[in-house]
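Chemist: Each chain, letter by letter, is given below.
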Amino acid sequence: MLDLVWLIPALPLLGFLVLLVLGRKFGDPVAGYFATAMVGLSFLVTVGVFLDLMSLDAEARTEQVTTLFSWVAVGGLHVDLAFLADPLSITMCLFVTGIGTLIHLYAVGYMHGDSRFSKFFLYLNLFAFSMLMLVLGSNMLVTFLGWEGVGTCSYFLISFWHERESAATAGKKAFVTNRVGDWGFMMAMFFAFWAVGSLDYLHINGAAESLSATTATAIALFAFIGACGKSAQLPLYLWLPDAMEGPTPVSALIHAATMVTAGVYLMCRISPLFEVTADYAGTIIAIVGAATALFAATIAVSQNDIKKVLAYSTVSQLGFMFLAVGSGAYVAAIFHMVTHAFFKALLFLGSGSVIHGMHHEQDMRRMGALRKFMPITFGTFIVGWLAIAGVPPFSGFWSKDEILLAAYDKSIVLWAVGLVTALLTAFYMTRQVIMVFYGEARWHDAHEEHGAHGDYHAHDTEPHESPWMMVLPLVVLAVLSFAGGFINMPFSHETEKLATWLEPVLHPHETDTAKLPLALAAIAVSLVGIAIGFAVYYFKKLKPVEPKILLDGWGYDRAVSNFMGGPGRKAFDGIAWADAHLIDGAVNGTGRLVQATAGKARRVQTGNLRNYAAAVGVGVVLLLTWFVIVRGIL
Amino acid sequence: MTDFPILTLLVLVPAVGALLVALISNRQPDLVKVTALLTSILTGGMALWTLFAFEKGDAGFQFVSQHSWIESWGISWHLGVDGISLFLVVLTGILFPLVIAGVDPHHDHKRYLAWMLLLEAGVMGSFVSLDLFLFFVFFEIVLVPMYFLIGGWGYDQRIYAATKFFLFTMVGSAFMLVGIIATAFLAKADNGSVTFDLVKIAENADFAASTGRWLFFAFAVAFAVKVPLFPLHTWLPDAHTQAPTGGSVILAGVLLKLGTYGLLRFGVYLFPEAAVWARPVFLTLATIGILWGAVAATMQTDLKRLVAYSSVAHLGFIVLGTFALTSQAITGGVMQNINHGISTGALFLLVGMIYERRHTREIAKLKGLQKVAPVFAAAFMIVMLSSIGVPGLNGFVGEFLVLIGSFATARWWVVVAAAGVILAALYLLWAYQRVFHGEPDDDNRSFAELKWKEGMLLLPFIAIIVFAGVYPKAMLDRIEPSVDKLLEHVQEHSSWVAPEAQTNEGGEG
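Quick mapping for you: the protein sequence lines, in order, are chains A and B.
First residue of the first sequence: 4, per our numbering; consecutive thereafter.
First residue of the second sequence: 14, per our numbering; consecutive thereafter.
Worth flagging that the hints you see were computed from the coordinates, not collected in a lab.
No experiment lies behind these values; they were computed from the predicted model shown.
Ideal Cβ positions, reconstructed from N, Cα and C, are used throughout, including at glycine.
Be a bit skeptical, because a hint or two may be false.
Said to hold, decoys possible - Output of the computed footprint for chain B on chain A, the stretches with three or more beta carbons under 8 angstroms from beta carbons of chain B: (1) 68 to 75; (2) 177 to 185; (3) 189 to 198.
Claimed, not checked - Straight line, CA to CA, 16 angstroms or less: simulated EDC-like cross-link-like pairs of lysine to aspartate or glutamate: (4) A:Lys375 x A:Glu499; (5) B:Lys384 x A:Asp117; (6) A:Lys518 x A:Glu499; (7) B:Lys384 x A:Glu168.
Said to hold, decoys possible - To give an idea of the interface, some chain A residues facing chain B are shown, with a C-beta separation under 10 angstroms as derived from the structure: (8) Gly78; (9) Arg119; (10) Glu151; (11) Phe159; (12) Arg167; (13) Ala574; (14) Trp580; (15) Ala581; (16) Asn591.
Only chain A is shown next, with the shape it has when bound in the complex (with noise of 0.2 angstroms):
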């Protein structure tokens, strides 16, 4: 199967290619089922790959390489089209399948009756082909293949419903600010071709011994920045938030549960490099890591859409992935990327279906009590709840302790931001179930107020649960989102099995820290964060605190908005102005001089260009007979 691992791409960009022909015949929902299956063999395939890799040694499952072709060679550089199947990159596959396809076929429910259902899928399977590339990519190369290509696909899926001038604004505005770190993707490449002379992943990390503290680390920061835009990092965040635009499927696969992490997972995959770096390296990564987990998980605090709350969330749980980047524990990061893949895709996806029951009400403000209308869509958020606040059995107690306990190590004051972000999360977590699923149903004024706008069809008013191909999904990630916490156990080496099996590529976090104060530590900060919401949201013996500059994202947004559309737009034309009156007008003031002094003779050299011309023309066509018949040159 080894030598298959290309299928794993492939089969996506083979749904791509056929949809691309057949897309619009196949239509709703064959289309969707036909995407799903795509998608769903590759997760196949993965499977098989991952049984393949198993079973060889441990040494030799790093450095499984299959090449295609020669992509780009000139000199001396050579980029080949090849995979790297190791446990990093295909534990990855095998949730970027798994989970895509549960979401492709939770999508053939949601959108049905779309106008474009069938361009929806084609730009879904185009996006599983390229984080796959993205993964699997045997260089730096490959992956920024991967990784423009999900950011393509991104920017089509955000501006999908593109009549609407908010969507469209947001996808372009998620392409240009992916872009600023891309650059630093970009400076990355060339500072590891210009030390190393290569952009594989292999030569790179195994040469990474001999490079000097200096270029390690501008090869480790430059990738960063490109991290940052990719996965939402202060202060390139700002994208992510308003990608929610985009359909509620596109959000919990693209901009929840994979493509967002691709930048957790670069800064994995040249992890050897932070042997190398300066000790600031990491702590940068992880304070950047800690200041964007806290701040977004202020703002989600009082954010009113049942998606812009998860949004915030995810930019926060990303926070807390690159803390444990920077704290040296990639274990930890990866990790807690599988379950917070698994918990956020299940939220985004039962958000999604209570939209999709709301008749597209995103405004928590008027749900509530939906418990009873959506018995299953429920019951699956309350695990995802569950998971993401932190209780423990759930998936999300094990991976988000894990990293606590990393940054602890790495630093007390690290440790206590991490500690607040929790109870936060817990807090708008408790919240956000309070308001949508308990206490008086608000939804009936709500439509009232939209007939009166006439934005709604005639449909009956009452929320209903989704139909099977959405609640399958919820089933299966609800149950992920339980156990997938399994998978590493904090009790012994034995049970810790994603760094048993991830410890050929991923240098494990050493400690000597006793883990079950801390581990107390977080539940306590978790029970506290959900007895706060209750009390305020449930019981309401407190006030609520919902302040205006939170609900605005700390007014930052709107000051890079500000900034652009304010001086930066000045800078830009006056650029524009120089270059139509300064340099464009050097130039015809020359011309007006040569004409003011030459007086008659302007006349008479503007009079006889078309004629110096159309003789130049003949002539040539003379010379060129003469060449012919006189040199005999044929």
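Since the structure of chain A is provided, determine the placement of chain B on it from the hints.
Modeler: Positioned in the frame of chain A, the structure of chain B alone reads:
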């Protein structure tokens, strides 16, 4: 087959075609069109034949044909192609029939087609000439038909734009003419007699440093105007905007490449010492051009002007690569020549199609086209992504090679220039959003979907965009040997030391 004068025919066939078209009576418009089309297809076929017959590992000039012309001055009909010019010849061969078949000039077909074919002869001649004098003749010929195409079939400001184009280029050419004559006579001492032969001068001449620099300067001005290099670029937006669609495609596709090609062939190759000496200036102007062109493009209100300014940015990458003087950078630059020709050529075609439908190119007057014409929008999207430089499509490979290759020898310029990729996404996506996204208003609701004929015209462009992005090796393998040979030449004739396969630290061992 090597004796077959294929390059001579590549020049003569369109020239003779131009003459035939001019001679056919106005009363037979169909015959005019068929003649022009067949001529250009024949030329294109020969160009493709050259591509397939090209010996891959051979770095030197191939299909050489050399005949003495003015013996006393050492001027000869000396033609040849190597990896650096091969794809420019092929691109020229492909673009002309597509434009002739696909773009309707609306009036005076006969004169239009005659000028087009003469233009093709001139461009072909410029790319295959290995004699300074001969090159100059072709380089100047190109001006004439382009002047008439803009002036005769352009838009409102066409006379202003055509004159500006002509005068700008003529000033540059004046420098070059002096440079050519001076070069030939100054090289007499080293060659034994006066010769205009490029290869002889380049291999034998040993100019004093100051002399070489002056001569280089004379050539460089002409090419910098043609590229156009900042700050000599302001003729380009006017010429592009006012030129008819066919003229714009050719202008962007191949004419600008006379500048970048010239810098390499008659700048770096002839005057290596001076080129190395002038590196900082060119690297700086190229980098400024990349950012300046992109920023100016962002603020344009006319779609065609926007594409024109994007050319300034894209061509800046080529000049950057040329003067970075590494194998990857120059190879990337040569490839970027072709990629830009394809992508920007296709963009101009698409903008032309929008104009045909809406009679405006004002971005503000267009809206929501994706809803009414999704296939058209998809075609525009693919071409746009190629122009932005998304990997997997052609545009990426060239820019990436330029940047990664330049990093070793021009690091800080690369750090700045790479920001151009951010701006490229900004100006194109913003324009795309305003033109294609949103709800179409009344004026745009009846925007017609892509027609079959238009689709067939765009198909070759899109095919090349995808192929060159996925398998650039087919091109790189043919370009690189000649580039390496040029670099060796530079190192022999100057103090330049190009970095080898870099393992500056660590490495595989």
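Chemist: Please verify that hint: Asn591 of chain A, Cβ, nearest Cβ of chain B, below 10 angstroms or not.
Modeler: Holds: closest Cβ of chain B sits about 8 angstroms from Asn591 of chain A, inside 10 angstroms.
Chemist: Quick check: do three or more residues in the stretch 189 to 198 of chain A have a beta carbon closer than 8 angstroms to a beta carbon of chain B?
Modeler: holds (count 8)
Chemist: So, Ala581 of chain A near chain B? Judge it on the closest CB pair being under 10 angstroms.
Modeler: 9 angstroms, holds
Chemist: Would the hint on Glu151 of chain A be counted as holding, given a Cβ-Cβ threshold of 10 angstroms to chain B?
Modeler: 5 angstroms, holds
Chemist: For the stretch 177 to 185 of chain A, count the residues whose Cβ lies under 8 angstroms from any Cβ of chain B; is that count three or more?
Modeler: With 5 residues in contact (Cβ-Cβ under 8 angstroms with chain B), the coverage given for the stretch 177 to 185 of chain A holds.
Chemist: Take the shortest C-beta to C-beta distance between Phe159 of chain A and chain B; is it under 10 angstroms?
Modeler: 8 angstroms, holds
Chemist: Take a quick look at whether Lys384 of chain B and Glu168 of chain A sit within 16 angstroms of each other, Cα to Cα.
Modeler: 13 angstroms, holds
Chemist: Check the hint pairing Lys384 of chain B with Asp117 of chain A against an upper bound of 16 angstroms on the C-alpha distance.
Modeler: 14 angstroms, holds
Chemist: Gly78 of chain A was flagged as interface toward chain B. Is the shortest Cβ-Cβ separation under 10 angstroms?
Modeler: Holds - the Cβ of Gly78 of chain A comes within 10 angstroms of chain B, reaching about 3 angstroms at its closest.
Chemist: With a cut-off of 10 angstroms, does the beta carbon of Ala574 of chain A approach a beta carbon of chain B closely enough for the hint to hold?
Modeler: 8 angstroms, holds
Chemist: In terms of beta carbon proximity below 8 angstroms, does the stretch 68 to 75 of chain A have 3 or more residues touching chain B?
Modeler: This one holds; 4 residues, not fewer than the three required, reach chain B with a Cβ under 8 angstroms.
Chemist: Quick one, are Lys375 of chain A and Glu499 of chain A close enough, alpha carbons at most 16 angstroms?
Modeler: 40 angstroms, violated
Against the hints set out earlier in the document, a violation occurs for number 4 only.
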